[in-house]
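Given the coordinates of chain R, work out where chains F and E with the ligands should sit on it, guided by the hints.
These protein sequences, in sequence, are chains R, F and E.
The first sequence maps to residues 1 to 159 in the working numbering.
The second sequence maps to residues 1 to 600 in the working numbering.
The third sequence maps to residues 1 to 402 in the working numbering.
Per label pair, the in silico range of CB-to-CB distance:
hint, chain 1, residue 1, chain 2, residue 2, range
1, R, D117, E, K210, 55 to 63 Å
2, E, A235, R, A146, 51 to 59 Å
3, E, N77, R, E57, 37 to 45 Å
4, R, D142, F, L460, 39 to 47 Å
5, F, K214, E, D330, 53 to 61 Å
6, F, D212, E, G341, 35 to 43 Å
7, R, A146, F, T367, 52 to 60 Å
8, F, K214, E, N220, 53 to 61 Å
Keep in mind that the hints were calculated from the coordinates and are not lab data.
Being a predicted model, the structure only gives us computed values, none of them experimental.
For glycine and all other residues, C-beta sits at the position ideal for the given N, C-alpha and C.
Here is what each chain is made of, one letter per residue.
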Amino acid sequence: MSKMLMIYPDRCTGCQNCTLACSVFHDGEFRPHTSRIQVTTWESEGFSMPTTCQQCEDAPCVAVCPTGAMHDDLTMNRVAWDEVKCIGCRMCTLACPFGAVVFETGRRRIIKCDLCDGKPECVTFCPAKALDYVEETDSARDRKKAVAVEFKKTFEEVK
Amino acid sequence: MYGWIGRYLRIDLGSGTVRKEVITPDLARKYLGGRGLGTHFMMTEVDPKVDPLSPQNKLIFAAGPLCGTNAPSASHYDVISKGPLNGTIAASSSGGLFGPMLKYAGYDMIILEGKSAKPVYLWICDDVVEIRDAAEIWGKTVPETTEAIRSATDEEASVACIGPAGERLVLFANVMNECGRAAGRSGVGAVMGSKNLKAIAVRGTGAVRVPDPKAFREAVVKASAKIKANSVGGKGLKNYGTDVLVNILNELGGLPTRNFLDGYFPTADKVGGESLAKQLLIRPRGCYACIISCGRATKVTNPKFAGQGEGPEYETAWAFGPDCGIDDLDAVTKANYICNDYGMDTITMGSSVACAMNLFENGVITTKDTDGIALNFGDAEAMVELVRKTAEGEGFGKKLALGSYRMAESYGHPEYSMTCKKQEMPAYDPRAIQGIGLNFATGNRGGCHVRGYTISPEVLGQPVKLDPRVTEGKPALDITFQDLTAALDSSGMCLFTTFGLGAEDLAELLSAATGLNITTEEFMKIGARIWNLERLFNLKAGLSALDDKLPERLTKEPILTGPSKGLVNRIDEMLPEYYKLRGWDSAGIPTKNTLADLGL
Amino acid sequence: MKHVIIGAGPAGLNAAATLRQVDSGGVVTLLSGEATPPYAKMVLPYLLAGLMEEKNLYLPVPEGVNFRIGSKVTRINIKRQTIETDKGETVEYDKLLIATGGVPERPDIPGSDYPFVLTIRDLPDVQRIQKLVKRKKGHAVIAGAGPVSMETGDALHRLGMKITLVVTSNRLFSTMLDIEAAAVVEDHLRRQGVDILKGEDIVRIGSRGKVTLKSGAALNSNLVIFGKGVNPCVAFLADSGIAIRRGIAVNDRMETNISGIFAAGDAVETKDLIVGDQRVNALWPAAVEQGRIAALNMAGIEAYYEGSLSRNILRVFGLSIFVAGQGRADGPEVKVSSGSGFYHKMVLDRGVLNGFIFIGEVRHEGLYRDILQRQTDVGSFADSLLKGTFAYPRFQRRAMRI
Ligand SMILES: Cc1cc2nc3c(=O)[nH]c(=O)nc-3n(C[C@H](O)[C@H](O)[C@H](O)COP(=O)(O)OP(=O)(O)OC[C@H]3O[C@@H](n4cnc5c(N)ncnc54)[C@H](O)[C@@H]3O)c2cc1C
Ligand code: SF4
Ligand code: SF4
Ligand code: SF4
Chain R
1 MSKMLMIYPD RCTGCQNCTL ACSVFHDGEF RPHTSRIQVT TWESEGFSMP
51 TTCQQCEDAP CVAVCPTGAM HDDLTMNRVA WDEVKCIGCR MCTLACPFGA
101 VVFETGRRRI IKCDLCDGKP ECVTFCPAKA LDYVEETDSA RDRKKAVAVE
151 FKKTFEEVK
Chain F
1 MYGWIGRYLR IDLGSGTVRK EVITPDLARK YLGGRGLGTH FMMTEVDPKV
51 DPLSPQNKLI FAAGPLCGTN APSASHYDVI SKGPLNGTIA ASSSGGLFGP
101 MLKYAGYDMI ILEGKSAKPV YLWICDDVVE IRDAAEIWGK TVPETTEAIR
151 SATDEEASVA CIGPAGERLV LFANVMNECG RAAGRSGVGA VMGSKNLKAI
201 AVRGTGAVRV PDPKAFREAV VKASAKIKAN SVGGKGLKNY GTDVLVNILN
251 ELGGLPTRNF LDGYFPTADK VGGESLAKQL LIRPRGCYAC IISCGRATKV
301 TNPKFAGQGE GPEYETAWAF GPDCGIDDLD AVTKANYICN DYGMDTITMG
351 SSVACAMNLF ENGVITTKDT DGIALNFGDA EAMVELVRKT AEGEGFGKKL
401 ALGSYRMAES YGHPEYSMTC KKQEMPAYDP RAIQGIGLNF ATGNRGGCHV
451 RGYTISPEVL GQPVKLDPRV TEGKPALDIT FQDLTAALDS SGMCLFTTFG
501 LGAEDLAELL SAATGLNITT EEFMKIGARI WNLERLFNLK AGLSALDDKL
551 PERLTKEPIL TGPSKGLVNR IDEMLPEYYK LRGWDSAGIP TKNTLADLGL
Chain E
1 MKHVIIGAGP AGLNAAATLR QVDSGGVVTL LSGEATPPYA KMVLPYLLAG
51 LMEEKNLYLP VPEGVNFRIG SKVTRINIKR QTIETDKGET VEYDKLLIAT
101 GGVPERPDIP GSDYPFVLTI RDLPDVQRIQ KLVKRKKGHA VIAGAGPVSM
151 ETGDALHRLG MKITLVVTSN RLFSTMLDIE AAAVVEDHLR RQGVDILKGE
201 DIVRIGSRGK VTLKSGAALN SNLVIFGKGV NPCVAFLADS GIAIRRGIAV
251 NDRMETNISG IFAAGDAVET KDLIVGDQRV NALWPAAVEQ GRIAALNMAG
301 IEAYYEGSLS RNILRVFGLS IFVAGQGRAD GPEVKVSSGS GFYHKMVLDR
351 GVLNGFIFIG EVRHEGLYRD ILQRQTDVGS FADSLLKGTF AYPRFQRRAM
401 RI
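Chain R extracted, bound-state conformation:
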């Protein structure tokens, strides 16, 4: 059974260990700018929100990719990107409303979460268990939805 990445924003401390772990794992250097996960902090509310690719089922980035470089990888339950096929046209980055697919001009490449091929570094290094990699069950999927709702609520509370 395949797994999915869960985010619990209310546990997040805003420490950015996830972004550090992600960038060094993929690029061999600490460059949070190219991390596949990003964390936004509302300082005065004391709240942080990690965001990364949702690995959408009917992903708009996959639909628009003219080369098949962006594709569904069912074995790992993710949207995967194939560097060899990619031409750098940015149809995918234009399609993703979350900005989870980023084009890095300098290296003509797409930066997006690849779930670290099944061993998410961000989960390993999150000290607050705000990130988790769990079996994809109906209940896990429901929980993911609930988290989204909860997020809104939490925010309104701290506000």
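Same frame as chain R, but now just chains F and E with the ligands:
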């Protein structure tokens, strides 16, 4: 270079010139970064006798080599300058995002010189460095400034700024970054204000590199595991924040109460970490790369003291709480918020209020001096009002803005000021804990707990339990802690990682980050080098062995109640040995041999 | 259910894939007038520039689809519900999708049929250029400066050709950029050695490559490319009874005036989301979405198309250009920030984004597109948006504050 960027900015605010200069590998290895490297530049470029608020003083922001990596809690940078509160070498450490961001932008350090003719702020975005007009943000609070600068520059910028307190040269004004993180002590914010520099905003898209990412990862995992396994580093601080110490210190009878008149406060629990967690805590927060999460996102709903923000930390809760005889957590937290918003050091602020209360109760000052406010210990509203007055630069607040020493001195009674080298001592009673007393007295920036946190062994039993009441062995202990901390500060780590990590672990992390083989001995020696260098700066600034002392209250007036009733500090038993072990002569001056050995 | 799709571009391919997903019992026949397996026209400039390997060119036909290569449809018989191809085949349909894309405009001037005079739409066009370039690099004259000609020009430039752009209007990208933005691009291109002739047009081409311009000036060329726009490919529908305006007219379910016949992609006109009128927004992502919506409706699943957003993102001669909506407009409210090598402009109406032009680096393009498409009120953080690096979390941060 690995770990380091190898480059720093030198900015002359007077002429507006910006230069990018190189840090040589030798210099980097000698002083690491942060506090050490900054002190080196202060020593070589600034006359220690300089007036701290004059253009001739320099202000240095420096990150350490571990900053920007994911070494646990390695986010710290230091602000180094000659401090206006007491004229010693100041190095105030802060976490948050600023240090790492500075490195991602491509710099280990910024040296600020001169004085701008008008208010400005710095905008650093990778290679672009601009000095921008700050007319519109001058006068704004820290959150307002942060927001305004982010709007004008980049939403993701890290902003280190002063609040109105720094602009008005409050002698204990701090530099705040990410709204809630403070380079708190010694008044570095006033130096910034004196230079007409409102803020530094940084955004970096570059990288910090390590020689072997896999090996570094292993070192990080190992170090993190040690911190997580530690009862304080792993759980205590996250659950209750540093404020968990209130009850611990009180149970020991080492919680200074009512301006150090006592060492025990029966209702201390009300302002302790457990109460904080129960009543005000929204969630724990972490600095950049932090795995400890001692930060407190809090909210006060009580309409009298309503607000939202970060804090309080233990020393803050103590300063506005027991030290003022106050057990109202809402008021304490409110005072903290005001300090954060206006950019003031909470320890000196609270202690100055405590000192004023002491003066008032003893009739040295009256309501005539205090704008009509009766200043009795325990009066939470009066305390918050004085903090507000200081923040706003109003009436009696202007007196408090000088810190407790100058204020008490102005009324002819400096002995009411609970300071070492004119800087207020924090939350640990030297009468109950001998070693920390020696540390306060010998501290290179005056009364300060984070220069040698002997509380770990003396109170918390970390890494081993030592008896706080004995003086024996304490000089050696203090030196170890002081040197370790100096090297740790300079490498960019958070002090709390020592709840789990020792010098050998830190040296290992540093080696993995820099590719150099830095042994435990070398690490400790770097610390000693930095300590001695700071000492030399202070000696040249005019300080002497006479300043290595505690207020008389602590050596003559015993604690009145509680478990440590009857105790005083016995600094005289420790100081000579401390000098000897330091390799200093009896006048507290490092000998030639000592300096030569340290390469100074 | 017999589904027939004409044209194997993104509209046709996505429709075929969607039909296979939602109507597994149906029969899907996909006809392509081209002699090769399907490929994306968008990639042609990249192929020319050598940024893509030929072996990655062809796209898979969705499994279970009956694909007919080289079958050009010549006629639709609405009464009989059949189509006829140039091979003489007749295919019956229950539901039909017309996704025939567009044909480039080629001006009727002396010399426009020489072998070194081309338009860029299909693989053979690029293959011909590749052959010509292999023989001799030399000088390419490109008439019209829309995205496709520019990308082609960039590719040829990479291959080592000298480039001259001939445009009738007073600027490059006249359909996308305002004068100021075009100036930034022109400046950049000139520095790369590109010649730009404005207010000019090609009136004649000689057999040995001499290009004569409207002003009387003449250029020698080895290659002439016309990029003067694309028209819907609908000639074969002339007597079919299917209504055609600027493109094939469809309702919001992508159905034509003839029930059971749908159309999608470059061949249709749809509602422009920002302006509100009907027009042909001949764009890749629009074709993808329209194809999917048409297919859902063909399978009996109701789905609606809101309209299309004009948008373009490209990188030519090392410069990123990202435009959408009414970026060229000069009101009601305009915010501009520009400097060397970049130009950011947003057009707002009472806090709502109407369009933008970003020349230079941008990040999170999808967020910008989304904000525009949803007509989100951005009044309180417009200045931050203008920087071109606004990220989703930041957006959330602002949006949540409101
Ligand atoms: C060089 C180039 C670069 C482009 N770059 C971009 C870009 O960067 N961004 C962007 O958004 N868009 C771009 N486009 C436009 C984009 O490719 C089109 O919008 C898209 O291909 C339209 O898809 P479609 O399915 O409607 O038609 P097409 O892709 O044109 O496919 C239609 C197919 O139908 C076939 N056909 C036509 N008539 C018949 C018939 N009678 N019988 C059988 N088959 C027939 C054609 O041969 C063709 O294969 C570019 C186009 C070109 C040519
Ligand atoms: S940039 Fe690459 S992955 Fe994205 S749509 Fe284009 S070809 Fe596909
Ligand atoms: S799963 Fe891996 S790639 Fe995805 S955000 Fe986490 S660390 Fe980055
Ligand atoms: S590592 Fe975990 S706690 Fe830290 S910012 Fe990322 S998600 Fe939040």
